[in-house]
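Q: Letter by letter, the chains look like this.
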Amino acid sequence: MMKEAIAIARKDLVLEVRSKERFAAMVLFSLVVVLAFRFSFDLFGIHEQRLAESHFLIPPVLWATVVFAATLGLLTVFSKEEENRCIDALLLAPAPRSALYVGKLISSFIPFVAIAMFVMGFLAIFFPYDFRGQYLPVAGLLVLGTFGYAALGVTAAAVSSTSRMREVLLPVIMIPIALFTIIVPSINATSDVLNSDAAGALGEVRVIALSCVIFVVVSMLVFDYLWEA
Amino acid sequence: MTAVLEIRGLSKSFGQRKALQGIDLSAGPGEILAFLGPNGAGKTTLLKVVSTLLTPTSGSVSVDGFDVVEAPEEARRRIGCVFHDFMLYDDLTVEENLTFFGRLYGARPSVPKLDALLERVGLLHRKVDRIATLSRGMKQRVALARAMLNSPRLLLFDEPFTGLDEAAAETLKSFLRGFAGSSGSVLLTSHDPRLAHSLASRLFILSQGKVAKEVPSERVPVESFVHDFREVVGGLP
Numbered sequence: 001m002m003k004e005a006i007a008i009a010r011k012d013l014v015l016e017v018r019s020k021e022r023f024a025a026m027v028l029f030s031l032v033v034v035l036a037f038r039f040s041f042d043l044f045g046i047h048e049q050r051l052a053e054s055h056f057l058i059p060p061v062l063w064a065t066v067v068f069a070a071t072l073g074l075l076t077v078f079s080k081e082e083e084n085r086c087i088d089a090l091l092l093a094p095a096p097r098s099a100l101y102v103g104k105l106i107s108s109f110i111p112f113v114a115i116a117m118f119v120m121g122f123l124a125i126f127f128p129y130d131f132r133g134q135y136l137p138v139a140g141l142l143v144l145g146t147f148g149y150a151a152l153g154v155t156a157a158a159v160s161s162t163s164r165m166r167e168v169l170l171p172v173i174m175i176p177i178a179l180f181t182i183i184v185p186s187i188n189a190t191s192d193v194l195n196s197d198a199a200g201a202l203g204e205v206r207v208i209a210l211s212c213v214i215f216v217v218v219s220m221l222v223f224d225y226l227w228e229a
Numbered sequence: 230m231t232a233v234l235e236i237r238g239l240s241k242s243f244g245q246r247k248a249l250q251g252i253d254l255s256a257g258p259g260e261i262l263a264f265l266g267p268n269g270a271g272k273t274t275l276l277k278v279v280s281t282l283l284t285p286t287s288g289s290v291s292v293d294g295f296d297v298v299e300a301p302e303e304a305r306r307r308i309g310c311v312f313h314d315f316m317l318y319d320d321l322t323v324e325e326n327l328t329f330f331g332r333l334y335g336a337r338p339s340v341p342k343l344d345a346l347l348e349r350v351g352l353l354h355r356k357v358d359r360i361a362t363l364s365r366g367m368k369q370r371v372a373l374a375r376a377m378l379n380s381p382r383l384l385l386f387d388e389p390f391t392g393l394d395e396a397a398a399e400t401l402k403s404f405l406r407g408f409a410g411s412s413g414s415v416l417l418t419s420h421d422p423r424l425a426h427s428l429a430s431r432l433f434i435l436s437q438g439k440v441a442k443e444v445p446s447e448r449v450p451v452e453s454f455v456h457d458f459r460e461v462v463g464g465l466p
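The listed protein sequences derive, respectively, from chains A and B.
Under the working numbering, think of the first position of the first sequence as 1, with each following residue one higher.
Under the working numbering, think of the first position of the second sequence as 230, with each following residue one higher.
Keep in mind the hints are simulated off the structure, nothing from the lab.
Computed from a prediction, not measured in an experiment: that's the story for all the values here.
Backbone N, C-alpha and C fix where the C-beta goes; we use that ideal spot for every residue, glycine too.
Treat the hints with caution; some may be incorrect.
Unchecked claim - Derived Cβ-Cβ restraints for the label pairs, each shown as a range:
(1) B:His-354 x A:Lys-20: 40 to 50 Å
(2) A:Ala-124 x B:Ala-336: 33 to 43 Å
(3) B:Ser-411 x A:Lys-20: 39 to 49 Å
(4) B:Ser-242 x A:Ser-79: 28 to 38 Å
(5) A:Val-218 x B:Val-298: 22 to 32 Å
With the rest of the complex left out, here is chain A (with noise of 0.2 Å):
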């Protein structure tokens, strides 16, 4: 199962890479939306000093700009696979369908990470605001909290992509699962890091690892019959 997974993946990282469609929006929007926010904080006069000591409101920007980001990616997971019904020609292979949820697992939470990383740096740019130097534990928890998103967001995506009315269904289909499984837990770990609360955050870092299993192992085992017809 994880060759064919891989194979996918590759496919779609490939497919990525010579159209660079849905980075580079990706990267644009969560640009627009960090600037966004500073140009908020300014007109409501929560100045750059101020901003430098708030350990609190950088991780609300930061998750949701990722998990904006990463929605607008989540809508053409499967877009290159209605062109020309090549959805078909992956259901047709041999192999179980749980392998092309792991593959788009892999080639959606690949670009996910870089956009995290992005935008993480957007902020540096941006607020100034220098995450107290906890650049790895803050990537740690992107890397964690993007995985649980994309393991969502992917068979989410799957359940929407026939519909009409995907772009209204995938972040209504979303959004409430994730955010006191995923982006709650993750912004408050982000919190509880550059508050040095070791144990909060692994707290918060436990409930984020767990709904990550939960979502791989039920979207393997549902995955076949979302393509029932």
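With chain A fixed as given, assemble chain B onto it according to the hints.
A: For chain B alone, kept in the frame of chain A given last:
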């Protein structure tokens, strides 16, 4: 000898609409079966059920002895499909498409095998070209090469002659005869009774999801078959 394809009492419904009703047939090695009928007769639905893309509402379909519901992966291993949309990635080259699908179908072709396959469909010279740059007929040949990657026993072909010129149609016919000659079976759909008659060993006219007429092609002259077809379809083919 085991039938390559065995269909018993097959029905498929979409809600209240019955797309296929009580289809019974079997195809042995070397046979080419053509399904004809007007739009909406159930031809493509039949191919999709046999290919495992759709689940039968009732009845059974088995490919080389493997039931498409009970053992779909084994059945898929024995099927090659060329559908109307070709199922190829426009932004990948011919070679990349075939290598990818080869990996996916557990039959990653070696370079000589890939070249031989492309030679067979007459596209070796376009190996490094992207699919988007090929004509419809060429895309169909790449799709045919993809369908042959896993050395199938059963080839499913939806409207194979649509958009092909006479020479390309003749080439395709001889390819399909060659495939059937190597003890494979072909199940194809067509709108053209003359073309189907010239190729298939058995002809089925579908109407409203049912087999309205089954005809062994060598026993029925083409004009008589065209007449029967017009009668069922209710117009000029």
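Q: Take the hints in turn and mark each one as holding or not.
A: Checked hints:
Taking the beta carbon of each, His-354 of chain B and Lys-20 of chain A are about 29 Å apart, not inside 40 to 50 Å as hinted. For the pair Ala-124 of chain A and Ala-336 of chain B, the beta carbons lie near 49 Å from each other, so the given range of 33 to 43 Å is not met. Distance hint check: the CB atoms of Ser-411 of chain B and Lys-20 of chain A are about 44 Å apart, consistent with the given range 39 to 49 Å. One distance hint, 28 to 38 Å for the beta-carbon pair Ser-242 of chain B and Ser-79 of chain A, holds here, with the actual separation near 30 Å.
In this structure the supplied range 22 to 32 Å holds for Val-218 of chain A paired with Val-298 of chain B, their Cβ-Cβ distance being about 23 Å.
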